[in-house]
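Mapping of the sequence shown onto numbering that gives the first Met the number 0: residues 0 to 91, in sequence order.
If you're looking for bench data, these hints aren't it; they were derived computationally from the structure. Hints are supplied without guarantee of correctness; some may be wrong.
Unchecked claim - Derived Cβ-Cβ restraints for the label pairs, each shown as a range: (1) V62 x A32: 39 to 49 angstroms; (2) F74 x A14: 36 to 46 angstroms; (3) L81 x P10: 16 to 26 angstroms; (4) E43 x L81: 20 to 30 angstroms; (5) S77 x A32: 32 to 42 angstroms; (6) S88 x S37: 18 to 28 angstroms; (7) A14 x T70: 24 to 34 angstroms; (8) K47 x A14: 41 to 51 angstroms; (9) T22 x F74: 30 to 40 angstroms; (10) T22 x S50: 16 to 26 angstroms.
The beta carbon of each residue, even a glycine, is placed where N, CA and C say it ideally should be.
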Amino acid sequence: MINWKVRMRNPMFWAQILLSVITPILAYLGLTAEDLSSWSVLGEVLIKAVSSPYILSLVIVSVYNAITDPTTTGFTDSKRALTYDTPNSDKE
0 MINWKVRMRN
10 PMFWAQILLS
20 VITPILAYLG
30 LTAEDLSSWS
40 VLGEVLIKAV
50 SSPYILSLVI
60 VSVYNAITDP
70 TTTGFTDSKR
80 ALTYDTPNSD
90 KE
């Protein structure tokens with residue numbers, strides 16, 4: 000089980016998901032963020048991405064890696080993390 004409520008409230012989670020989608024697309028197409036200079040260019044890039052099974056598989060694997068917790072077995076959060084109501088800062 001994953002504590003989705005806490006993850007959805009964590010800006011770092013959203014940054015990881017965004018980068019997990021954008022990075023494989025840009026890398027495969029040989030682009031940089033600066034190349035996305037207009038909405039039409041962004042639209043073309045997205046069409047190319049969803050038209051390619053290979054790019055889609057790269058994005059899926061990348062998002063999967065962003066979601067999973069490597070400190071636990073399987074596709075789950077730790078028992079401790081499941082009890083959180085907000086992201087844990089662990090700062091004293």
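* Is the gap between the beta carbons of L81 and P10 within 16 to 26 angstroms? -> holds (20 angstroms)
* Using the beta carbons of T22 and S50, state whether their distance is inside 16 to 26 angstroms or not. => holds (18 angstroms)
* Lying within 39 to 49 angstroms: is that true of the beta-carbon distance V62 to A32? -> violated (19 angstroms)
* Take a look at whether the Cβ-Cβ distance between A14 and T70 falls inside 24 to 34 angstroms. => violated (19 angstroms)
* Please test the hint of 20 to 30 angstroms on the beta carbon pair from E43 and L81. => violated (42 angstroms)
* Asked: For the pair K47 and A14, does the Cβ-Cβ distance stay inside 41 to 51 angstroms?
  -> violated (24 angstroms)
* To do: Confirm or reject the claim that F74 and A14 have a C-beta distance inside 36 to 46 angstroms.
  => violated (21 angstroms)
* **Distance restraint evaluation - S88, S37, Cβ atoms, bounds 18 to 28 angstroms** => Violated, since S88 and S37 (Cβ atoms, about 39 angstroms apart) do not stay within the stated range.
* Indicate whether the distance between the beta carbons of T22 and F74 respects the range 30 to 40 angstroms. => Violated, at about 22 angstroms.
* **C-beta pair S77, A32: status relative to the range 32 to 42 angstroms that was hinted** => Given a distance of about 34 angstroms, which is inside 32 to 42 angstroms, the answer is holds.
When each numbered hint is compared with the structure, violations occur for hints 1, 2, 4, 6, 7, 8, 9.
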